[in-house]
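Peer 1: Taking the numbering used here, the leading residue of the sequence shown gets 164, the next gets one more, and so forth.
Hints in this document: simulated from the structure, not taken from any laboratory.
All figures in this text were calculated on a predicted structure; none of them were measured in a lab.
Treat the hints with care, as some may be off.
[Said to hold, decoys possible] Label-pair distances were calculated between CB atoms; the ranges are: (1) His348 to Ser403: 25 to 33 Å; (2) Ile319 to Ser403: 53 to 61 Å; (3) Tyr511 to Tyr430: 19 to 27 Å; (4) Glu500 to Glu347: 45 to 53 Å; (5) Arg258 to Glu293: 45 to 53 Å.
[What the hints assert, rightly or not] Quick list of in silico lysine-lysine cross-link-like pairs, DSS-like style, CA-CA up to 30 Å: (6) Lys180 to Lys259; (7) Lys259 to Lys494; (8) Lys290 to Lys331.
Note that CB positions come from ideal geometry on N, CA and C, so glycine has one too.
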Amino acid sequence: MEGGRILIIDDDDQVLKIFERVLADHGHQIKAVKDGREALQLIQRNEYDLILTDLVMKGVDGLEIIEATKKHSPQTVVILITGYGSCDVAIKAMRKGAIDILIKPCSEDELILRIEKALERQRIGKKARESEIYQKMYETLGAVAHEINNPLTTLIGNTQLLSETLEKGHTGSQYIEQINSSAEHISKIIEKMRKIRGIVTKQYTRDSRIIDLQKVETDLKAPEDGTILIIDDEENITLSISRFLKLNNYNVDTAHSGIEALEKIKYKNYSVIILDICMPEMDGYEVLKEINNYYTGNQIRIPATIIMTGFDVEEILDKCKEAGAYTAIHKPFKFKEFMSLISEAEEYVRD
164 MEGGRILIID
174 DDDQVLKIFE
184 RVLADHGHQI
194 KAVKDGREAL
204 QLIQRNEYDL
214 ILTDLVMKGV
224 DGLEIIEATK
234 KHSPQTVVIL
244 ITGYGSCDVA
254 IKAMRKGAID
264 ILIKPCSEDE
274 LILRIEKALE
284 RQRIGKKARE
294 SEIYQKMYET
304 LGAVAHEINN
314 PLTTLIGNTQ
324 LLSETLEKGH
334 TGSQYIEQIN
344 SSAEHISKII
354 EKMRKIRGIV
364 TKQYTRDSRI
374 IDLQKVETDL
384 KAPEDGTILI
394 IDDEENITLS
404 ISRFLKLNNY
414 NVDTAHSGIE
424 ALEKIKYKNY
434 SVIILDICMP
444 EMDGYEVLKE
454 INNYYTGNQI
464 RIPATIIMTG
474 FDVEEILDKC
484 KEAGAYTAIH
494 KPFKFKEFMS
504 LISEAEEYVR
514 D
């Protein structure tokens with residue numbers, strides 16, 4: 164895993180040195196300070212991926228560090244270090260924005276594991292935010308194209324009508340031809356804007372860059388036919404569905420948590436995803452949003468997601484579709500019905 168930029172804050176010299184050495188040995192860029200006030204200044208001036216802060220310190224405590232971090236840099240994840248395993252402390256820290264609580268003393272293995280999990284969550288969140296920005300931009304470009312195309316259609320239509328009413332050789336014909344040519348050029352630019360799926364920029368002025376419409380990516384990468392990812396925290400369910408699909412010649416992978424699923428999608432463009440709605444850590448809606456954001460941000464066609472639920476399908480179907488799912492199926496289900504949904508989902512993705 165790529166190293167992160169980490170700020171460590173602890174007024175205990177020995178703890179500070181141990182954490183600094185261990186994390187630096189694992190490839191992270193470390194800044195270690197003893198004083199909370201100094202930490203606040205660093206947080207204002209720098210961007211960190213993760214902050215590891217002690218709870219009890221003179222002057223500025225760990226809860227104030229969390230609050231200041233989330234105000235200045237919401238994307239930075241914070242782990243609180245404490246020698247007090249109090250539930251009240253944990254609740255206060257989580258409410259202020261901490262992602263985890265680390266109880267002292269802890270082993271080096273536990274420290275590294277917690278840091279890596281927190282950094283992975285930070286990277287997933289960053290990627291999701293970028294994808295969401297791109298998605299909004301694509302939607303805005305589509306709306307702009309629509310608004311320009313309406314008057315442009317009127318302009319082109321009227322110039323063609325005007326051209327037909329003029330006598331042959333009329334001096335106005337050349338001006339109409341120029342207007343028509345320019346309008347059609349605008350129309351082609353608008354069409355490229357509407358189809359943008361990937362972004363290539365070019366220098367526009369000395370201080371700015373713009374999208375290069377001559378180099379935009381307009382085609383989404385196709386999913387791999389017959390590839391299915393099953394996501395469910397119940398291993399018996401993933402095992403039985405996986406066996407059945409493999410008997411029907413599908414290429415099947417399984418994941419037992421949202422975090423594991425988000426790692427799997429980095430290495431394969433699935434055509435169909437089968438997703439349980441109720442899971443610990445990340446529920447199905449959260450996982451679906453992250454998956455769709457990842458595929459959108461990487462210009463890959465979004466897979467057809469089939470939500471599995473023990474609830475009434477009719478009650479949650481609208482919410483599932485709003486979240487980006489293809490459809491939902493009630494558990495337990497008959498495999499004949501299930502295979503029919505898989506076929507329909509594959510056809511949907513191909514279209």
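Peer 1: Decide, hint by hint, whether the structure agrees.
Peer 2: Going down the list of hints, with the structure as the test:
{"no.": "1", "hint": "His348 to Ser403: 25 to 33 Å", "result": "59 Å, violated"}
{"no.": "2", "hint": "Ile319 to Ser403: 53 to 61 Å", "result": "59 Å, holds"}
{"no.": "3", "hint": "Tyr511 to Tyr430: 19 to 27 Å", "result": "23 Å, holds"}
{"no.": "4", "hint": "Glu500 to Glu347: 45 to 53 Å", "result": "51 Å, holds"}
{"no.": "5", "hint": "Arg258 to Glu293: 45 to 53 Å", "result": "27 Å, violated"}
{"no.": "6", "hint": "Lys180 to Lys259", "result": "27 Å, holds"}
{"no.": "7", "hint": "Lys259 to Lys494", "result": "38 Å, violated"}
{"no.": "8", "hint": "Lys290 to Lys331", "result": "60 Å, violated"}
Comparing the model with each earlier hint shows violations of hints 1, 5, 7, 8; every other hint is respected.
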